[in-house]
Amino acid sequence: MSIDTRPEEGNTAANPSRRSFLKFAAVGAGAAASSPMLAGAAGAQEAGDEAARLVVPDEIANRDQAPLPDIQFPMTGANLFGRACALEDVKAMFCCPGNYNVIHAIADHNIPSYSGRNEGSMTHAADAFVRATGEIAIASGTEGPGFTNMISGIAAANSCRTPMLLVASNMRVEQDDTEQGIQVMYQQPLTEGIKKYGKRLITPHRLPEYIGYTFRQLKTGIPGPVHIDFTGEVSNHQFEGEADLGHYGSVARYRTDSRPAPAAGDIEAALRLLDQAERPMIVASTGVFYAKAWDALKAFAEKANIPVVESGPMMGKFPHDHPLSAHAAPDALASADLVFLVGQYCMPTVGEFAFGPDTRYVRIQPEAGDMGRNLPVDVGIFSCEKLALEELADRARSAERTSWLNEVDAARRAFADQNQSYYEMGRGYSEAVHPAVIAKELSDFLYNGDLAPEQTTVLSGGFGIARYTRRFLQAHRPGQVVNGAYQFASIGPDVAYAVGVAAGVQLGAGAQAAAQGAPIVCITGDAGFGFTGMEIETQAKYRLPVINIVYNNNSWGTWYSNRDLPRGAQLHLFQEGVRYDRMAEGLGAHGEYVTSPDQFLPALQRAYDIAQNEGLPSVINCQAKREFWIRDEYEPGFLGKVEPGVMSYYH
Amino acid sequence: MTIPDALQTYVQRGIFKSFNAQPDQRKFDFVWLNRKRMHVHWNAGRNAIVFKDVLHNIPARSRHYREVRAYLKGRTSPDLPAHRRVDPDLFDLVCENHKSVVSVGLRLKSGSQGAAVRRLTALVHELFIYHHDRWPEYMYENFGSPLE
Ligand SMILES: Cc1ncc(C[n+]2csc(CCOP(=O)(O)OP(=O)(O)O)c2C)c(N)n1
Ligand SMILES: [Mg+2]
Chain V
1 MSIDTRPEEG
11 NTAANPSRRS
21 FLKFAAVGAG
31 AAASSPMLAG
41 AAGAQEAGDE
51 AARLVVPDEI
61 ANRDQAPLPD
71 IQFPMTGANL
81 FGRACALEDV
91 KAMFCCPGNY
101 NVIHAIADHN
111 IPSYSGRNEG
121 SMTHAADAFV
131 RATGEIAIAS
141 GTEGPGFTNM
151 ISGIAAANSC
161 RTPMLLVASN
171 MRVEQDDTEQ
181 GIQVMYQQPL
191 TEGIKKYGKR
201 LITPHRLPEY
211 IGYTFRQLKT
221 GIPGPVHIDF
231 TGEVSNHQFE
241 GEADLGHYGS
251 VARYRTDSRP
261 APAAGDIEAA
271 LRLLDQAERP
281 MIVASTGVFY
291 AKAWDALKAF
301 AEKANIPVVE
311 SGPMMGKFPH
321 DHPLSAHAAP
331 DALASADLVF
341 LVGQYCMPTV
351 GEFAFGPDTR
361 YVRIQPEAGD
371 MGRNLPVDVG
381 IFSCEKLALE
391 ELADRARSAE
401 RTSWLNEVDA
411 ARRAFADQNQ
421 SYYEMGRGYS
431 EAVHPAVIAK
441 ELSDFLYNGD
451 LAPEQTTVLS
461 GGFGIARYTR
471 RFLQAHRPGQ
481 VVNGAYQFAS
491 IGPDVAYAVG
501 VAAGVQLGAG
511 AQAAAQGAPI
521 VCITGDAGFG
531 FTGMEIETQA
541 KYRLPVINIV
551 YNNNSWGTWY
561 SNRDLPRGAQ
571 LHLFQEGVRY
581 DRMAEGLGAH
591 GEYVTSPDQF
601 LPALQRAYDI
611 AQNEGLPSVI
621 NCQAKREFWI
631 RDEYEPGFLG
641 KVEPGVMSYY
651 H
Chain F
652 MTIPDALQTY
662 VQRGIFKSFN
672 AQPDQRKFDF
682 VWLNRKRMHV
692 HWNAGRNAIV
702 FKDVLHNIPA
712 RSRHYREVRA
722 YLKGRTSPDL
732 PAHRRVDPDL
742 FDLVCENHKS
752 VVSVGLRLKS
762 GSQGAAVRRL
772 TALVHELFIY
782 HHDRWPEYMY
792 ENFGSPLE
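The listed protein sequences derive, respectively, from chains V and F.
For the first sequence, position 302 matches number 302 in the numbering used here, and the numbering has no gaps at all.
For the second sequence, position 145 matches number 796 in the numbering used here, and the numbering has no gaps at all.
Hints were generated in silico from the structure; no laboratory data involved.
Positions of the beta carbon are idealized from the N, C-alpha and C atoms, including for glycine.
All the pointers check out, no bait thrown in.
To give an idea of the chain F side of the interface with chain V (calculated C-beta under 8 Å), a few residues:
no., residue
1, Tyr661
2, Arg664
3, Gly665
4, Ile666
5, Leu684
6, Asn685
7, Arg735
8, Thr772
9, His776
10, Glu777
11, Ile780
12, Asp784
13, Pro787
Please model the complete structure; the sequences and the hints are all you need to start from.
Below you can see the structure in the form of structure tokens.
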């Protein structure tokens, strides 16, 4: 795979891929004005100028060149923690000012550090960074309100099983229960039920021990967020030397990378079921991503000719253009007679997945305590997903399954035909931009045009719009699509999620290495934009080239199901024609306002060029209408979903 | 396999929960899709097994009901693979609307009781999947499905 790369600050696009190079060269050669795709280039230029008026301070622009302080013993608890994060290869931190000594210690240990406009947004950014890259990131906030702002973010990350580290400062233990000064509170009870592990650090000399707890929890078993709150006594404690750390000074001595391997009998039992099955299917979920099990998955699927469908908070564990992909073949799901649920941590209940009532299940995951929850299990394999898939690939018999694969193929074609018909209906509505137009034309732009199909990472958010775009998005490599909402189903984090995804791509961290420097796409709704839209400024100041597509239907998507309520309906409405694009321009981004279907693609092209050539984010404000969700007036109306696969939202 | 035995297999596998059978083994109820209690009637005289009153609030003259019937009829199409099809040689598909309450069942022709239970259970499951896909607002209002 060849993808263009951008140097850290991304003002020029170096090494464009061959496919994207063609377009890049045309723009670079001053061909913009003569290109029909760039008919609005003058407008874009104007907007670019507007953005250029905002000054990015040198401290931000050149942050990677700033000298690193030489931090040696004796050092504070905060610095010891920063040092540990570097040793544990934490790849990024997202914060707002607060928890000062800890965030500065993290930045001083050369961990890429970003600050934004709201601690909640920064928690979402950290979550999405992890989901896109598979690497650990930190979210940080100040005591009191900074921390309480982070709660939605940690809850969403918990549903996603994201190994994110949430740190927040707390006041001194000696102030407990006094209300002396400000912001005295207990944090841990507020994250009860929405974290994998949490601890208030109160005994200064035991900090090294709790660094061990933190990273053991982040890096083993079924992942999830860890919440550590630093009291002043701990972060300011002086550690004199290595001797103060005991065995906690060495990563290899306070935790292990050993993984559970599958028991031979369990593999045999699963393979016996496979031998009896006529229509097996694999669900590749969260655990496949974090165990980096995609090669083993492919080997097993190909050897035994088993179709693969994805679920989970990120996509691309199995390439959607693979002949065995059942990701966009929803009608085949109910035919599967045996399903391998691999790393399906957020478990659906009976009937939520489209597999039929007679389907048998093999579950593979690195913790047994959860096996059999919600769905009955026929064979449970307690194992690291990668090791189990390798074993299955090794020992499975090859099989033809011609008629089953033909059935999956027919389902894929039927789904594509249905999507095409939705597009044709949407294209017929000329008074505003229908979501099917956005979904289809974005998809063609990303996967069937000049760009390498594996290039662009997408944060797939929004509410009503998501029900269209998800049907058309593709992932050709791990982490290429990050499923914004997922099971906690928050409206609003999308623009903040995009900060995290774009930072991961800008750094080329983990699974995003091959996409380093490429523009990314974020999809959101107008209600969603309202929650985190200020993070456009964060995208702009760090030159994160995000194309934010805002589906603006002048309303919360809940209007259509409440529109007949005489007093209630207005609660679901905004002013009509809100100019999110102008707001973006004021924040240093490029803005486009698209009011008819034919304007969408040229606007997307302009935004993409600006992202690629200048490293600037954009907002494409797509003017839709709220009535598009009413099926009797505007077929196909508000769409539902079938899980797992492209339409997966929750699990 | 008899109708009660076939239903029991789903209870044992954890698909149907909180299962009750009337002493005459003609009426059964259990919690299944969307955690709703469902009622199955076995009419030995008519040789029919029916998910009684499985969908509410669908007027007989509505577009919704027309589409439900068309969907169900589609499940008998010879184009479907055998494992997905209601084979008209084995079963007659029954769909009744009484005061906007819909029941769905199979009348056995040459098909066995065990096969009838399996086919009908799969069909009702698919009917729900179809509703999640095309009638999300209905599922939200009538079955408490989340709209997100
Ligand atoms: C934080 C949060 N608040 C409220 C809700 C309930 N909710 C679900 S969807 C929705 C409307 C979303 O509107 P928008 O994003 O504009 O979607 P669209 O109009 O495109 O359908 C609301 C309020 C939620 N899921 N999350
Ligand atoms: Mg909206």
